[in-house]
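Protein sequence lines, in the order shown, are assigned to chains A, B and C. Heads up: the first sequence is residues 1 to 435, going by my numbering. Heads up: the second sequence is residues 1 to 186, going by my numbering. Heads up: the third sequence is residues 1 to 308, going by my numbering.
Derived by calculation from the structure, the hints in this document are not laboratory data. There may be inaccurate statements among the hints.
Said to hold, decoys possible - Label pairs and their in silico Cβ distance ranges:
1) A:Ala108 / B:Met75: 44 to 50 Å
2) A:Gly386 / B:Asp170: 43 to 49 Å
3) A:Thr329 / B:Thr150: 42 to 48 Å
As the list claims (entries may be wrong) - Non-contacting residues of chain B with respect to chain C, defined by C-beta distances greater than 10 Å in every case (computed):
4) Ala4
5) Val8
6) Leu9
7) Leu47
8) Asn89
9) Lys90
10) Ala102
11) Leu110
12) Thr111
13) Thr125
14) Gly153
15) Lys172
Ideal Cβ positions, reconstructed from N, Cα and C, are used throughout, including at glycine.
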Amino acid sequence: MDLTGALLRAGAARPHVLTVTAPGATVVRLAAEDQLRRRGWPAAMTPAGADILLVAGEAAGLLAEAVEAAWQAMPAPRARAVAARPDEVAAALEAARARLGDRAVQQASAADTASRGDQGQRAPEGHEGGDHGHEHGVGDHGHEMSDEHGHGASGGHGGHGHGHGEHGHGMGGMDMPGGLPMADRGDDRDGLRLDQLHLPLGPVLPDWPAGLVLRVTLQGDVIQHAEPEILGGGSGSFWDEPWRRAADGERVTTAEAARRAAAAYLDSLGRFLAVAGWDAVAAAARRLRDEALAGAPSGPLRRDARRLARRVARSRVLAWLTGGLGVLTAAEAATAGVAGPAVRAAGDVTARYRRWCADLEAAVAVLDDASLLGPGGPGPPRGPAGDDGAPSAGLVAMLPRLLAGAELAGARLIIASLDPDLDQLPAGVEAAHGH
Amino acid sequence: MTTAVFWVLALLAAASGFMVFRFNSMARVTISLMVSFLASGGLLVLLGLGYLGVVVILMMVMEMVIMAVFMIAYMMNPAGLMPMAMFHNKRGSLAIAVVTFALLAAGIFLTPWPHRSGAPPRDATRQLGTALMGSQMLTMITLGFTLLATMVGAVVLATQRGRYDRFGDDLKRRPPSDPVRGGVGR
Amino acid sequence: MVTSAPLWSVLVVPVILAGFAAIAVLADALLAVRAAGRPARLAAAGPVAETARLLVGQRRVTLASDALLWRLGVLTVPAAGMLAALVIPFGTVTASRMSVGVVWFNAMEVLTWAALWMAGWGANAALSLVGGYRYVAQGLAYELPLMLALISAATGAQSLNVADIVAAQSHLWFAVWMPAAFLVYLAGVYGFSFLGPFAYPAGTDLASGVLAEVSGVDRLVIEAGRWLLLAAGAGMAVPLFLGGGTGPLLPPWAWSAIKTLAVLAVLTWARRRLPVLRADRYAELAWVVLIPLSVVQALVPALVDLTR
Numbered sequence: 001m002d003l004t005g006a007l008l009r010a011g012a013a014r015p016h017v018l019t020v021t022a023p024g025a026t027v028v029r030l031a032a033e034d035q036l037r038r039r040g041w042p043a044a045m046t047p048a049g050a051d052i053l054l055v056a057g058e059a060a061g062l063l064a065e066a067v068e069a070a071w072q073a074m075p076a077p078r079a080r081a082v083a084a085r086p087d088e089v090a091a092a093l094e095a096a097r098a099r100l101g102d103r104a105v106q107q108a109s110a111a112d113t114a115s116r117g118d119q120g121q122r123a124p125e126g127h128e129g130g131d132h133g134h135e136h137g138v139g140d141h142g143h144e145m146s147d148e149h150g151h152g153a154s155g156g157h158g159g160h161g162h163g164h165g166e167h168g169h170g171m172g173g174m175d176m177p178g179g180l181p182m183a184d185r186g187d188d189r190d191g192l193r194l195d196q197l198h199l200p201l202g203p204v205l206p207d208w209p210a211g212l213v214l215r216v217t218l219q220g221d222v223i224q225h226a227e228p229e230i231l232g233g234g235s236g237s238f239w240d241e242p243w244r245r246a247a248d249g250e251r252v253t254t255a256e257a258a259r260r261a262a263a264a265y266l267d268s269l270g271r272f273l274a275v276a277g278w279d280a281v282a283a284a285a286r287r288l289r290d291e292a293l294a295g296a297p298s299g300p301l302r303r304d305a306r307r308l309a310r311r312v313a314r315s316r317v318l319a320w321l322t323g324g325l326g327v328l329t330a331a332e333a334a335t336a337g338v339a340g341p342a343v344r345a346a347g348d349v350t351a352r353y354r355r356w357c358a359d360l361e362a363a364v365a366v367l368d369d370a371s372l373l374g375p376g377g378p379g380p381p382r383g384p385a386g387d388d389g390a391p392s393a394g395l396v397a398m399l400p401r402l403l404a405g406a407e408l409a410g411a412r413l414i415i416a417s418l419d420p421d422l423d424q425l426p427a428g429v430e431a432a433h434g435h
Numbered sequence: 001m002t003t004a005v006f007w008v009l010a011l012l013a014a015a016s017g018f019m020v021f022r023f024n025s026m027a028r029v030t031i032s033l034m035v036s037f038l039a040s041g042g043l044l045v046l047l048g049l050g051y052l053g054v055v056v057i058l059m060m061v062m063e064m065v066i067m068a069v070f071m072i073a074y075m076m077n078p079a080g081l082m083p084m085a086m087f088h089n090k091r092g093s094l095a096i097a098v099v100t101f102a103l104l105a106a107g108i109f110l111t112p113w114p115h116r117s118g119a120p121p122r123d124a125t126r127q128l129g130t131a132l133m134g135s136q137m138l139t140m141i142t143l144g145f146t147l148l149a150t151m152v153g154a155v156v157l158a159t160q161r162g163r164y165d166r167f168g169d170d171l172k173r174r175p176p177s178d179p180v181r182g183g184v185g186r
Numbered sequence: 001m002v003t004s005a006p007l008w009s010v011l012v013v014p015v016i017l018a019g020f021a022a023i024a025v026l027a028d029a030l031l032a033v034r035a036a037g038r039p040a041r042l043a044a045a046g047p048v049a050e051t052a053r054l055l056v057g058q059r060r061v062t063l064a065s066d067a068l069l070w071r072l073g074v075l076t077v078p079a080a081g082m083l084a085a086l087v088i089p090f091g092t093v094t095a096s097r098m099s100v101g102v103v104w105f106n107a108m109e110v111l112t113w114a115a116l117w118m119a120g121w122g123a124n125a126a127l128s129l130v131g132g133y134r135y136v137a138q139g140l141a142y143e144l145p146l147m148l149a150l151i152s153a154a155t156g157a158q159s160l161n162v163a164d165i166v167a168a169q170s171h172l173w174f175a176v177w178m179p180a181a182f183l184v185y186l187a188g189v190y191g192f193s194f195l196g197p198f199a200y201p202a203g204t205d206l207a208s209g210v211l212a213e214v215s216g217v218d219r220l221v222i223e224a225g226r227w228l229l230l231a232a233g234a235g236m237a238v239p240l241f242l243g244g245g246t247g248p249l250l251p252p253w254a255w256s257a258i259k260t261l262a263v264l265a266v267l268t269w270a271r272r273r274l275p276v277l278r279a280d281r282y283a284e285l286a287w288v289v290l291i292p293l294s295v296v297q298a299l300v301p302a303l304v305d306l307t308r
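With the hints as constraints, model all of the structure from the sequences given.
Structure (structure tokens):
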């Protein structure tokens with residue numbers, strides 16, 4: 001009996017899928033999440049825990065290199081799927097699952113990886129990681145260091161190394177594995193001088209804005225300095241579509257806009273709750289979002305959305321956990337060009353997610369309103385979209401100031417509570433540094 | 001059987017203690033010291049001091065993990081990726097160590113240990129507890145307060161921010177201004 | 001009344017513990033499936049497929065990892081659970097009737113501190129390391145109240161022997177007149193199995209933290225270890241606070257099993273009700289509120305013993 005083959009097929013019944021969302025591919029991501037929920041396939045959080053790598057949309061440039069690095073880091077058995085449009089997702093997942101359960105395919109793929117040998121080596125962003133700006137200046141150590149530009153995959157995953165530690169072509173005569181220099185030190189908030197770790201957060205990170213890379217300097221788990229990098233904008237956000245169409249002169253009903261706004265709030269809430277560690281309610285929010293987008297009847301949708309919004313807004317534990325983080329006054333938000341909930345909810349993370357809950361309840365209240373969308377109706381979920389990428393560009397620009405001195409958990413919560421949508425930024429804005 | 005267990009634990013304790021000075025990685029150093037302590041706890045259990053042995057295991061695991069945190073924070077080569085020596089004056093320190101070990105071993109084997117009169121107590125833990133709460137109560141009180149005062153003093157000396165930084169010049173600001181808010185808001 | 005079983009029972013304890021852990025995993029899968037709106041009959045398929053997938057998966061190798069510490073840390077998680085379960089009586093039989101059973105249980109669950117720190121350190125990855133350190137921070141928060149809760153139960157019986165604690169509850173369960181200790185103990189069980197509100201070391205914001213770089217058999221071992229620790233904690237709650245195997249009609253081993261399953265059910269259900277409690281908020285609460293509360297709680301049985 002072929003035990004390995006049997007286990008392979010059994011394991012392929014429920015693969016873990018790592019979804020990488022390209023800029024402009026929000027609708028594909030939504031379709032992918034819906035498919036995964038229907039099939040009961042869990043979403044993987046790192047390449048190490050993934051079986052299928054699903055690329056939603058078209059990854060180009062730096063994001064394509066990140067996808068490649070994530071693929072290299074995935075242990076066998078593994079399969080790759082690409083879906084450029086929402087209707088391709090199901091077929092791509094099925095095909096990947098078939099390849100995953102096929103022993104011959106997996107053995108061929110493993111042999112292929114082994115034959116490429118050291119070229120699969122990747123340097124880690126581990127605790128020996130020095131500044132990325134210096135590393136690739138050292139020169140080629142005989143294996144690919146090309147993704148050492150640091151955007152590789154989820155922050156902090158090590159290399160899928162074939163024989164680690166013996167590539168001691170270090171610099172300055174020191175025999176360091178992977179040729180990495182020692183970490184430099186810097187002052188920290190408590191008056192100590194600690195090692196600094198330069199870590200890129202994103203673009204392949206769960207519950208993270210698509211297309212955002214945040215290069216942080218960590219001491220311990222406190223962020224000393226954060227610099228956002230944008231991997232390409234999109235042609236307008238999926239969530240703002242009804243308002244764009246209305247501005248173009250199309251006939252858009254309030255109900256349609258309200259439904260889209262409610263789905264947007266549910267998406268942001270789901271992501272925020274997942275980052276906060278409340279997986280059960282996050283899954284409920286995402287399920288409601290999928291139902292709203294699929295056109296579920298408005299009565300039950302309104303009831304469930306209200307219940308969810310009240311549960312989240314009234315949760316004292318969640319408010320206790322998030323109070324005081326990422327305080328953003330209305331004046332600061334206005335000067336940064338941010339409008340919408342982030343301004344209306346002047347304050348900390350707690351105020352912002354409560355604002356989302358209130359806006360969600362307001363949006364589902366008019367789910368049956370068939371009148372034309374007017375200025376009194378629900379507004380775009382992140383505020384009125386401007387030409388230069390407002391308000392998400394402003395949100396991203398505020399990140400360095402908000403995140404300095406925040407711990408990693410607090411930083412993730414702050415970013416999730418702002419939830420910038422990089423599709424609002426104009427296309428071709430790749431590698432722009434927000435200040 | 002007991003002899004076999006004794007020899008295994010004793011050799012493990014000595015070997016892992018020795019490895020503390022041979023490993024390059026601070027993390028491995030701490031873990032091998034922890035293993036040495038665990039073996040010593042096991043030896044205490046063999047001596048019939050069950051409570052003391054298990055408490056040594058409990059306390060040493062916690063303490064070694066906390067020590068690991070500080071070793072990694074303060075030492076320059078925590079992962080051992082560069083070879084380094086944990087001690088200086090290799091020959092002298094080795095000589096001193098060997099001589100001390102020989103002296104102690106000689107002392108242990110040559111001492112005329114008294115023969116046991118009477119039997120071990122039925123409940124060694126109870127006897128220990130009675131001693132601590134009875135005849136040794138003064139020791140316990142003194143130790144307890146000294147430890148507490150040392151810990152509080154060390155933390156106060158180590159922090160850069162004092163009351164006036166947290167509560168303002170008039171000590172009236174509530175909640176206190178901290179870089180990271182605590183859970184109770186004190 | 002609780003007697004010691006022969007030496008070979010040491011091998012049976014992991015099997016029984018694994019059985020309870022498997023039931024907890026299935027119950028959790030059932031809750032997950034119902035929450036996702038899928039039919040309940042698919043619940044068992046999840047854990048089975050997951051186990052198969054992890055058995056056949058490749059183990060992850062990272063650059064310059066400390067493989068010794070990494071594997072040792074991962075292996076110690078289930079080992080700690082199994083060692084802690086040696087003193088849990090099942091009915092009237094226990095694998096080890098040591099006189100300091102409560103302290104042994106405490107010592108074995110403290111091994112998880114070392115285990116998870118090593119598992120986080122060994123991978124040489126930033127998020128994994130942060131996860132390992134998060135476990136130490138969380139440990140400092142939950143450990144002292146847990147120790148004081150165990151001391152309360154031991155003081156109530158005037159003995160550290162688990163058998164004596166069971167015997168002392170013949171009139172009234174400790175959970176009834178020491179409720180704070182019971183609740184603190186249950187929170188401690190979540191703490192050392194890093195599940196539910198204490199899943200901070202393996203949090204989503206760290207892309208699963210300590211679990212970020214483990215794959216294949218390592219992942220199976222450490223995930224199984226979490227549930228084994230939960231089962232051991234639930235199993236220990238029964239003799240400590242719920243009267244052990246005593247009860248009418250049914251034999252003692254049946255009562256032990258029923259009570260353990262009840263505690264496991266509560267723990268598995270409550271796991272989804274709370275968001276993850278971050279240690280930077282929880283630590284102050286634990287030290288400033290829970291420790292004084294636990295000390296006062298430990299005074300209650302002491303005063304009762306003195307006046308008796």
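Verification of the supplied hints:
Alanine 108 of chain A and methionine 75 of chain B have their C-beta atoms about 47 Å apart, which keeps the hinted 44 to 50 Å range intact. For the pair glycine 386 of chain A and aspartate 170 of chain B, the beta carbons lie near 45 Å from each other, so the given range of 43 to 49 Å is met. For the hinted restraint 42 to 48 Å between threonine 329 of chain A and threonine 150 of chain B, the CB-CB distance of approximately 43 Å keeps it satisfied. Against chain C, the non-interface label of alanine 4 of chain B holds: every CB pair exceeds 10 Å, the least being about 15 Å.
Separation of valine 8 of chain B from chain C is adequate, the least Cβ-Cβ distance of about 17 Å exceeding the 10 Å criterion. At roughly 16 Å from the closest C-beta of chain C, the C-beta of leucine 9 of chain B stays outside 10 Å, upholding its exclusion from the interface. Distance check for leucine 47 of chain B against chain C: the nearest CB is about 14 Å away, which clears 10 Å, and the non-interface claim stands. At the 10 Å boundary, the C-beta of asparagine 89 of chain B stays outside the reach of chain C, the nearest C-beta of that chain being 29 Å off.
With a closest Cβ-Cβ approach of about 25 Å to chain C, lysine 90 of chain B is found to remain outside the 10 Å limit, as its non-interface label requires. With a least beta-carbon separation of about 32 Å from chain C, alanine 102 of chain B lies farther than 10 Å from that chain, consistent with its non-interface assignment. No beta-carbon of chain C is positioned within 10 Å of the beta-carbon of leucine 110 of chain B; the least distance is around 34 Å. Distance check on threonine 111 of chain B: its Cβ is at least 30 Å (rounded) from any Cβ of chain C, clearing the 10 Å threshold; non-interface status holds.
Annotated as non-interface, threonine 125 of chain B brings its C-beta within 10 Å of a C-beta of chain C; the closest such distance is 6 Å. Separation of glycine 153 of chain B from chain C is adequate, the least Cβ-Cβ distance of about 18 Å exceeding the 10 Å criterion. Remark: the non-interface label on lysine 172 of chain B is consistent with the geometry, its nearest Cβ contact in chain C lying 21 Å away (cut-off 10 Å).
The structure shown violates just one earlier hint, number 13.
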